[in-house]
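There are 4 protein chains.
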Amino acid sequence: MTKLRWGMIGGGEGSQIGPAHRLGAQADGLFSFAAGALDANPEKGRAYAQSLGIAKNRAYGDWQEMLAGEQARDDRIDLVTVATPNNSHFEITKAFLEAGFNVLCEKPMTMTVEEGEEIVRVARASGKICAVNYCYSAYPMVRQMKAMVAAGELGRIRTVVANFSHGHHAAGDDAENPRVRWRYDPAQAGVSGQMADCGIHALHLASFILGDEVRELSADFASTVAGRVLEDDAMVNFRTERGTVGRLWTSTIALGRQHGLDIQVFGETGGFRWASEQPNQVYYHRLGRRVEIMEKGEAGLSDEASRLSRVAIAHPEGFPLAVANIYVDLAAQLNSGAPANFPTAEDGLRSMAAVHASVASAAERGVWVDARPPMFR
Amino acid sequence: MTKLRWGMIGGGEGSQIGPAHRLGAQADGLFSFAAGALDANPEKGRAYAQSLGIAKNRAYGDWQEMLAGEQARDDRIDLVTVATPNNSHFEITKAFLEAGFNVLCEKPMTMTVEEGEEIVRVARASGKICAVNYCYSAYPMVRQMKAMVAAGELGRIRTVVANFSHGHHAAGDDAENPRVRWRYDPAQAGVSGQMADCGIHALHLASFILGDEVRELSADFASTVAGRVLEDDAMVNFRTERGTVGRLWTSTIALGRQHGLDIQVFGETGGFRWASEQPNQVYYHRLGRRVEIMEKGEAGLSDEASRLSRVAIAHPEGFPLAVANIYVDLAAQLNSGAPANFPTAEDGLRSMAAVHASVASAAERGVWVDARPPMFR
Amino acid sequence: MTKLRWGMIGGGEGSQIGPAHRLGAQADGLFSFAAGALDANPEKGRAYAQSLGIAKNRAYGDWQEMLAGEQARDDRIDLVTVATPNNSHFEITKAFLEAGFNVLCEKPMTMTVEEGEEIVRVARASGKICAVNYCYSAYPMVRQMKAMVAAGELGRIRTVVANFSHGHHAAGDDAENPRVRWRYDPAQAGVSGQMADCGIHALHLASFILGDEVRELSADFASTVAGRVLEDDAMVNFRTERGTVGRLWTSTIALGRQHGLDIQVFGETGGFRWASEQPNQVYYHRLGRRVEIMEKGEAGLSDEASRLSRVAIAHPEGFPLAVANIYVDLAAQLNSGAPANFPTAEDGLRSMAAVHASVASAAERGVWVDARPPMFR
Amino acid sequence: MTKLRWGMIGGGEGSQIGPAHRLGAQADGLFSFAAGALDANPEKGRAYAQSLGIAKNRAYGDWQEMLAGEQARDDRIDLVTVATPNNSHFEITKAFLEAGFNVLCEKPMTMTVEEGEEIVRVARASGKICAVNYCYSAYPMVRQMKAMVAAGELGRIRTVVANFSHGHHAAGDDAENPRVRWRYDPAQAGVSGQMADCGIHALHLASFILGDEVRELSADFASTVAGRVLEDDAMVNFRTERGTVGRLWTSTIALGRQHGLDIQVFGETGGFRWASEQPNQVYYHRLGRRVEIMEKGEAGLSDEASRLSRVAIAHPEGFPLAVANIYVDLAAQLNSGAPANFPTAEDGLRSMAAVHASVASAAERGVWVDARPPMFR
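Chains C, L, X and Y, in that order, are what the protein sequence lines are.
Going by full-length UniProt numbering, the first residue of the first sequence is number 1, and it counts up by one from there.
Going by full-length UniProt numbering, the first residue of the second sequence is number 1, and it counts up by one from there.
Going by full-length UniProt numbering, the first residue of the third sequence is number 1, and it counts up by one from there.
Going by full-length UniProt numbering, the first residue of the fourth sequence is number 1, and it counts up by one from there.
No lab work stands behind these hints, which were simulated from the structure alone.
Given the structure is predicted, the values throughout are model-derived calculations rather than measurements.
The beta-carbon is built from N, C-alpha and C at its ideal position, and this holds for glycine as well.
A hint or two may mislead.
Stretches of chain L that chain C covers, calculated by requiring three or more beta carbons in the stretch to come under 8 Å of a beta carbon on chain C [stated by the list, open to error]:
1) 20-34
2) 156-163
3) 169-179
4) 227-238
5) 285-295
6) 361-375
Bound-form chain C, shown alone (with noise of 0.2 Å):
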């Protein structure tokens, strides 16, 4: 097996992302870092490439003369990761799925809801994978719950009861912290604080699980700090395609929690609670049974869930290698063709326009609407 080549676009020195997606990429040893525009300053992210190992020509200054560097090339990257500032990850996927390569984008894909079925449409008709990072679908236990619900051990799914709430921007010292006030300034975070920047991953996470899509949602969102514009704690209440009432919680003043994304499925025969602070367990209870503490690495797991756990039942794995796992699926299909199963531009899209169904709701009391990008209705 030779290593698939990788190159990143975002995550310079610094920056908290970057380090989760080389680990994710190299822990494995499924791709070489071997290309990157790292930095918004070209000097620095050539010279923070090179630092990390990359060859001085492939250590671009910007992801323009990335783009054309590697096109150039016979060796070119079989793979770029877009982790800049959100409002460019729109022009720079299109731009490398044009040229024909396959891109992994951070979320949120894109600002708005028609640049997100732009996206769409152009990775279809590029033929390439266009992934986002929704990294939570990749946890092993995240897989095995999806995996029951699709051999229908839980009945037709009733309710669903997502959250991500923690307490990181209680504080309330938007004034003189940039990197919590931007979040609720609409000039720089767009339409939505919290529910753009959390709250999607927990639906994302629903819909992935449950396999089935939000059809319409209402939204109530308070800016429960003062002089935030956009909301910092939202409720969406939502139903799905096949019926399935849904509950979405996400919040950035809720003191006391720490991570806070969990998630709550019910259905017919079967439930099950699953914490991404506790990310190697579900508690499952079956209906008329007492309730099971199921372990990541457990015999008889789904294929997915043991595929992508790395060590045996109890030996916790966590967050850095749940990114890991996303490259092993992206690996495992740009090795074999077959489909594997990572979250894709249709999924980056459905988020945004939920997002927007949201603030749209929000803003007329919560009344209901179409969640559904136009495209898929």
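Got chain C; can you put chains L, X and Y on it based on the hints?
Positioned in the frame of chain C, the structure of chains L, X and Y alone reads:
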């Protein structure tokens, strides 16, 4: 200290609630069980009362007989508990209040808002106690949370999230199971299923801890089990008088949740979380510090929390003694005349108003409605 | 059903244990509090007893007066609880048994093995009940575990691990704190500190659940706080009559552990874990299956577990009602004559023998010693 | 930064430990996998190495060939990991050290104390790194505990309790299950079963966190499954050089425990608890305060804890990245020459001495024995 005289209506042989009240009233030696009309069947009620040690002439056949009998006595009961089927609470409570008795009524206090307002008026006119058994409010650590909020330790409260969701009606065997079926039948349960049964406990708990009341709300109801007319899964968004954002989820199909009452309160400078299945701990997060585990019985708790705890730190106290704490407070007020901190007819009325508001909102796809009883607007 | 008549010696104003017994005896309406000698100070004891509703002529000044007074009555008490300082348990228990009273004695039943054997002889000769308040054995889920072991559901038991370790004496302020100091002073506490105070609870719990007795043991004692003569941290390895391996750790300096009693039982086909701080759940692992969470109140529990639970599944019941369950069983035997399942003088004696054996072993650097009372060898 | 060159002996196709080391070495991009002798079967080893991207001429048939091959190169590997069967660790590690290679040896480093002393001498003479893979010591929160103990935040440490008990050998199917059988067979496993396999991890963890070493110990071994010669359940009491009391329980029949490594440390002014199944939290109790939940990634942690964490607070990191942290520290020392904080040959030797001391003590019914290697006495 002489014991207070206590009587009960309802709670006959085989009922779940009767033993809880008998234990609650007697556990601390504050009340003697002096009179009762315990069963819809007069003969069974008289026999059962005597088997529990009640004198023959105070083992009544029905509540009217008990009312007449007790009124005629010099040593009439100091308190009567009404634990009959829901739709009789109004009539009995009203009659005893008007006759000058102190009453502890099981929830729901009434079936309609109008009845609730009538009870409030009658109770006020009588000068007697009309308490409602929102027993979760009497857990020591619930009192602790209330005291901390009142003292401003969490700052202004931004958001409260209260859930009361369990899975005990998930089987969907309503047709064969009359104990479940009636709860979703408007002819027996009234306008609401789970919201009226459990949701109001969570709503009262939120109001109690916050020292604030629900002003308006928007509800999303679902009947997830085929054939159910009334809701078995509901989400209510609300705002309090002081502007706190509220989220309340209540369900009966949430497999994996056993009791399922929990609450999270998020203020400017702190947040906490409490769950009824682990009632002796509060997870408390002060801004900028670590999450701390507060323990019932620890040094430095509020007077209310200390007063209502019977054993040392980490010796768990559970549900029956929370009910007993309602009786402790009733005895305190009866003995001293000074007001104690139990839920009253006003709380019972507010609950009914909120239930009816939820039903109205849900019927109009979540339109926001005033949740206050007309007499409190 | 008429109430049984109950009296108490010790447990005066300000004691921790007195209220626990009063609640335990009265919670279920089984006993009326008829007589008491509650305080070392006769006047205070008489006054306090009357304040609790005891008739003046049964509010005694000391236990000798109470013994004489009750012996002379036709309506003598049916049960007396001995809750005096440890070194008086033997004398009082013996005297009441010899006079034909049923006794519930606080632990430790005696200070020496010889005294323990004497109590066993006297109790047997009297034909009366001599119970010892190992109240943890009366939790519903402890009874459940015992029933499952007895039924062979776990197969032969290989190992039991019981801990009773807390951190409440970690401050090391013995010099200024008499409530702590006496426990490490042989003149007041006897031969053992924490092993006699808490370790015996864990040891009894292990024996009770296993239905098996300690045969031999090896102990390692430490006095980790400077100045303590008696042990504040002890490890005891043991073997039962049936060959089960036992491990028991008990400590008073274990900061972070609040109550700290827990037990794990490992058999050929299953294992479980129970902790006193979460007494309504058992984590049960059947060989080849997942860990399951057993819940007090769930369907299908043993008769003993069901009988001793008062409220529905997931409504927690705590320590005071475990004490009450001892009284429930005492009342059952007193009313029916049929033997119930409470700890007896034999258990109290075995505990004393084990404590003394531990002390002897620790003094000889862990030599294995016979842990059985001479009369049971 | 250029990558360091890394090689591995053992860890062939299908092994559990091989992937853990490959991920550990490569996750952070610090090492390139340059050479390997991966399998006892030379042909399989060569083929597997090449399938993992190793050049043909560095895909060796056995360790002797690899030693010769690498010695002859200018670009010889910077580090070799020894992950072969236990009884070959000594020979291979010694040979590579003597040839001037840096070595990371899997545990146990040797089978005997004499071999352990020899490795220490050879390592010292070589001036090269000889590390042992006690990977639990590399969890961020384990480093945090060590830093806090070293800084005196808990005061003098009174007692440490370390367990490594799981239930994965409870089936008792040794006869049919060779993966279990060999562990209890002295011919293959040596003098000890579970103490040598898992107990030493817990013992190392205790020593590592305390910065203190075991001086003497007393052991109680049991073979609870019929037919096992070596122990499957062991208790070791010990004392450290500084007088801390130690308790260590290790078992393979503890059904209900999945991974089962945990540690509790109790000092004069604080105590904490950490468990490998939830490795990102420490429960910390400062005397006179509440239990606090420390979180990996929180502000204010020690440099060591911060340095070894890759993602933000509450994003879990698990076992594979703890192994990776060993490589992070090895790379740090290799690159800078400054000593880093990984377990060394001295630790490997001490473990062997403690295992042999435990065996000797257990054989003499728990007599206390010196646990130190002769060369450190």
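- Message: Hint by hint, where does the structure go against what was stated? Just the numbers, ascending.
- Response: 1
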